[in-house]
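2 protein chains.
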Amino acid sequence: MVANMTEDQLLVLVIKYIKEAKRTALQQLLDELHPYDFAQLYRGLPEKHHHKFLTFITPDQIADLIQELEYDLQIEILQQLGIERSSKVMNLMDNDDLADLLNELSVDKIQEFLDVMKKEDSQNIQSLMSYPAETAGGLMTNQFVWINADQTVRQAVDKLKTYAGFSENIYYLYVINDEKKLVGVVSYRDLLIADLHEKIEDLMFNRVVAVHVDADQEEVAQTIERYDFIAVPVVNDENVLLGIITVDDAIDVMIKEATEDIEKLSASGKDIDFNTKAITASFRRLPWLILLLFIGLVSGSIISGFEDTLDQVVALIFFMPMIAGMTGNTGTQSLAVVVRGIITNDIDRKTVIKLIFRELRVGLIIGITCGILIMLIAYFWRESLVLGLVVGFSLFLTLIVGTLAGTIIPLLLYRIGVDPAVASGPLITTINDIFSLMIYFGVATMFLTQLSGL
Amino acid sequence: MVANMTEDQLLVLVIKYIKEAKRTALQQLLDELHPYDFAQLYRGLPEKHHHKFLTFITPDQIADLIQELEYDLQIEILQQLGIERSSKVMNLMDNDDLADLLNELSVDKIQEFLDVMKKEDSQNIQSLMSYPAETAGGLMTNQFVWINADQTVRQAVDKLKTYAGFSENIYYLYVINDEKKLVGVVSYRDLLIADLHEKIEDLMFNRVVAVHVDADQEEVAQTIERYDFIAVPVVNDENVLLGIITVDDAIDVMIKEATEDIEKLSASGKDIDFNTKAITASFRRLPWLILLLFIGLVSGSIISGFEDTLDQVVALIFFMPMIAGMTGNTGTQSLAVVVRGIITNDIDRKTVIKLIFRELRVGLIIGITCGILIMLIAYFWRESLVLGLVVGFSLFLTLIVGTLAGTIIPLLLYRIGVDPAVASGPLITTINDIFSLMIYFGVATMFLTQLSGL
Numbered sequence: 001m002v003a004n005m006t007e008d009q010l011l012v013l014v015i016k017y018i019k020e021a022k023r024t025a026l027q028q029l030l031d032e033l034h035p036y037d038f039a040q041l042y043r044g045l046p047e048k049h050h051h052k053f054l055t056f057i058t059p060d061q062i063a064d065l066i067q068e069l070e071y072d073l074q075i076e077i078l079q080q081l082g083i084e085r086s087s088k089v090m091n092l093m094d095n096d097d098l099a100d101l102l103n104e105l106s107v108d109k110i111q112e113f114l115d116v117m118k119k120e121d122s123q124n125i126q127s128l129m130s131y132p133a134e135t136a137g138g139l140m141t142n143q144f145v146w147i148n149a150d151q152t153v154r155q156a157v158d159k160l161k162t163y164a165g166f167s168e169n170i171y172y173l174y175v176i177n178d179e180k181k182l183v184g185v186v187s188y189r190d191l192l193i194a195d196l197h198e199k200i201e202d203l204m205f206n207r208v209v210a211v212h213v214d215a216d217q218e219e220v221a222q223t224i225e226r227y228d229f230i231a232v233p234v235v236n237d238e239n240v241l242l243g244i245i246t247v248d249d250a251i252d253v254m255i256k257e258a259t260e261d262i263e264k265l266s267a268s269g270k271d272i273d274f275n276t277k278a279i280t281a282s283f284r285r286l287p288w289l290i291l292l293l294f295i296g297l298v299s300g301s302i303i304s305g306f307e308d309t310l311d312q313v314v315a316l317i318f319f320m321p322m323i324a325g326m327t328g329n330t331g332t333q334s335l336a337v338v339v340r341g342i343i344t345n346d347i348d349r350k351t352v353i354k355l356i357f358r359e360l361r362v363g364l365i366i367g368i369t370c371g372i373l374i375m376l377i378a379y380f381w382r383e384s385l386v387l388g389l390v391v392g393f394s395l396f397l398t399l400i401v402g403t404l405a406g407t408i409i410p411l412l413l414y415r416i417g418v419d420p421a422v423a424s425g426p427l428i429t430t431i432n433d434i435f436s437l438m439i440y441f442g443v444a445t446m447f448l449t450q451l452s453g454l
Numbered sequence: 001m002v003a004n005m006t007e008d009q010l011l012v013l014v015i016k017y018i019k020e021a022k023r024t025a026l027q028q029l030l031d032e033l034h035p036y037d038f039a040q041l042y043r044g045l046p047e048k049h050h051h052k053f054l055t056f057i058t059p060d061q062i063a064d065l066i067q068e069l070e071y072d073l074q075i076e077i078l079q080q081l082g083i084e085r086s087s088k089v090m091n092l093m094d095n096d097d098l099a100d101l102l103n104e105l106s107v108d109k110i111q112e113f114l115d116v117m118k119k120e121d122s123q124n125i126q127s128l129m130s131y132p133a134e135t136a137g138g139l140m141t142n143q144f145v146w147i148n149a150d151q152t153v154r155q156a157v158d159k160l161k162t163y164a165g166f167s168e169n170i171y172y173l174y175v176i177n178d179e180k181k182l183v184g185v186v187s188y189r190d191l192l193i194a195d196l197h198e199k200i201e202d203l204m205f206n207r208v209v210a211v212h213v214d215a216d217q218e219e220v221a222q223t224i225e226r227y228d229f230i231a232v233p234v235v236n237d238e239n240v241l242l243g244i245i246t247v248d249d250a251i252d253v254m255i256k257e258a259t260e261d262i263e264k265l266s267a268s269g270k271d272i273d274f275n276t277k278a279i280t281a282s283f284r285r286l287p288w289l290i291l292l293l294f295i296g297l298v299s300g301s302i303i304s305g306f307e308d309t310l311d312q313v314v315a316l317i318f319f320m321p322m323i324a325g326m327t328g329n330t331g332t333q334s335l336a337v338v339v340r341g342i343i344t345n346d347i348d349r350k351t352v353i354k355l356i357f358r359e360l361r362v363g364l365i366i367g368i369t370c371g372i373l374i375m376l377i378a379y380f381w382r383e384s385l386v387l388g389l390v391v392g393f394s395l396f397l398t399l400i401v402g403t404l405a406g407t408i409i410p411l412l413l414y415r416i417g418v419d420p421a422v423a424s425g426p427l428i429t430t431i432n433d434i435f436s437l438m439i440y441f442g443v444a445t446m447f448l449t450q451l452s453g454l
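The listed protein sequences derive, respectively, from chains A and B. Letter by letter, the first sequence follows residues 1 to 454 of full-length UniProt numbering. Letter by letter, the second sequence follows residues 1 to 454 of full-length UniProt numbering.
Treat the hints as calculated values from the structure; they're not laboratory data. One or more of the hints may lead you astray.
Given that identical chains are not distinguished, each listed pair holds provided it fits within a single copy or across any two copies.
Claimed, not checked - Pairs of lysine-lysine, PhoX-like flavour, derived with a Cα cap of 20 Å:
#	residue 1	residue 2
1	K181	K109
2	K277	K350
3	K48	K180
4	K277	K354
5	K22	K277
6	K256	K118
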């Protein structure tokens, strides 16, 4: 029945069950839902029903629910449940999600929960919480099934059956030796086809790809993406297996990283979404804006350095916004190519030199095209050949410089270990403003005698 | 032995095997590699060895290799192999990868390959090739294992064993009825724990999440991400199961979409990477640049409309680049928030109104902050209170307008069905240039009598 109901129909039914206190019916209905749909349902449920809803469902179901929710709803549920029932739910949660949740709480609160947890779970969680959030250690879970190389397929299958409910990842079985070092991996597909008496060591794949526990989360995501893995093992310096990271966590990392790239490219500040408060969003955006304000004033002082030129040729001002804008635009275009390219390419000297020369040629081509175009426009609009030549030649030069600045600045940042995406579009635009004004007024001043009086 | 060798050591060994014509040793070595490492090895192998290498390895290995390579290397291999051996390799490839490869060839060439393929394979491929590339149909494979609801766990396990080598996805088993309609799904974990005599219909999860064959690839990726799936089934209007899409293909879509967002936001044109030729890159970038050039000239004509004001107050020019730049910057920041927010939020009237009012408040806060700052700077730098007030008040107004433009323009585009990311940073910047100049010179003209002579 549940199979074909819409979200709204489900919600109506759930509220009905809550009002009529039909525990079993409610629990059965929820068992038919995916955790994501379950969480959507909870988000749609009026707040006055939350308490009853939580008392009616099983700890297992609460664990599923809480793992899908955002932080503030998680905290609300923990408060509703009280410490004892919360700890029961926490025992059922995936370790990586639980560690993330606990990391958001105060030290006192964390200790309170750890104290009532089973000792083994509490130790597992504490060891996970010791890794920095954006590393492999911070992403991994230590709930996984491992086996010794000298065991048989039958033993492996039996072990899997025992742990199937407990383990998050049931796609690969990692093989370790007596020192707990990772020596191989067997896929479930291989186990399925294999003879029950075969030994794991004869079956396993021994060139295992693993990530180091200190590896950056971006490297983890890249490994999973490149190898099309469902999960990747995490090891320490001694190659001891510490945990696994599953593909769904890698996807979350990729989405986060892509969003961060866009945030940086637009200098929009970290973590602003539709729900961020105006005052918070403003304070995240202001540092960049104030920096750019001062850089923008540099442009102003450049112009004031050419006050004499401007006084004599007022017509020059009309083309100023266009030239400054175009230089910023071409810089932003080059920047985007570099920022995305760095993710997928290995950056060596050869690649860098090749890229810079490519962009130089791009700058030449678009410089010639746009330069000739604006020369004709300036000539026909203001009826002065000299002005046309000055504007056209300036645009030609600024487009080359702007293109190269948009390429070289992010590459230099990458070289010195700074994320090149911080060379945001606005920053490149503002820096290119300065270059373009210097070139434009420089060229104009050279031709001043021919231009004056326009 | 292979387990701990570096990429370079492997390459040296491979070349040695090729030179000494040690087929078996080469094949055994390659069997120990992941397809990604295998492909990296092939990319590193000097071209003179390619032909021998390809003749030494098995069709199975070539199929693994070809699926990991980029298009031009794929074509090179097909040419080296000749039509007959190519078709043998194609029979071993995953259907979705094969369909993508064939789609790149000429119609004649496609027909040639289809003719020599097994009839069943050829039909499967042709049906896959009929779906548009960026839809669920274009992403899916039709190699998967299905089962009827009234069969038992034992029958399911037997079927899986038979097809394990053939099926790309061995994580879920999809359940269909007599009309081939999708009615349920069972995970391998569930099969593993279940009693062999149980019926599939008693075990299966019947609220199956599926995507429609015409669904956009972004929707497919979102579904897999939200539900943490390893694969998602694809159905038609009648809910008939047509194929499956695996998580690795969804990851490729996400990376592509994020890159496209950045390309659009920076108006950098489609598909420019480190290897694009300069002339191609230029022609992809020029349309945007030329459009922006003309919009930039509008700014120029606005200035020329205020020629009298400018003649009287030359000092106004010094603050012009800063004011225009800041308006563009705040617009770009707002744009980034909207573009990323649209991906993760449901956009209804309430959300839109809430967002616009939030950004209005953001505009007010940053407008007041930066306005006061620049007022003080202008006052102390140029020693004129009126100029300070004019510049400060103008920046206050332009920041509010710029913030709202960066919010409302992409929302309007989204409303009329245009991808809001085309409202790129450069476009918003250039449009905001126009707004800012109108406001700045407008305000200045109002205070002209107090300003003149500065």
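Hints, one by one, checked against the model:
1. K181 - K109: Classified as neither: same-chain Cα gap 35 Å, cross-chain 50 Å, threshold 20 Å.
2. K277 - K350: Cα proximity of K277 and K350: across copies only (16 Å, versus 46 Å in one copy).
3. K48 - K180: neither (50 Å within a copy, 44 Å between copies)
4. K277 - K354: between (45 Å within a copy, 11 Å between copies)
5. K22 - K277: Result: close neither inside a copy nor across copies, 40 Å intra and 67 Å inter.
6. K256 - K118: neither (33 Å within a copy, 44 Å between copies)
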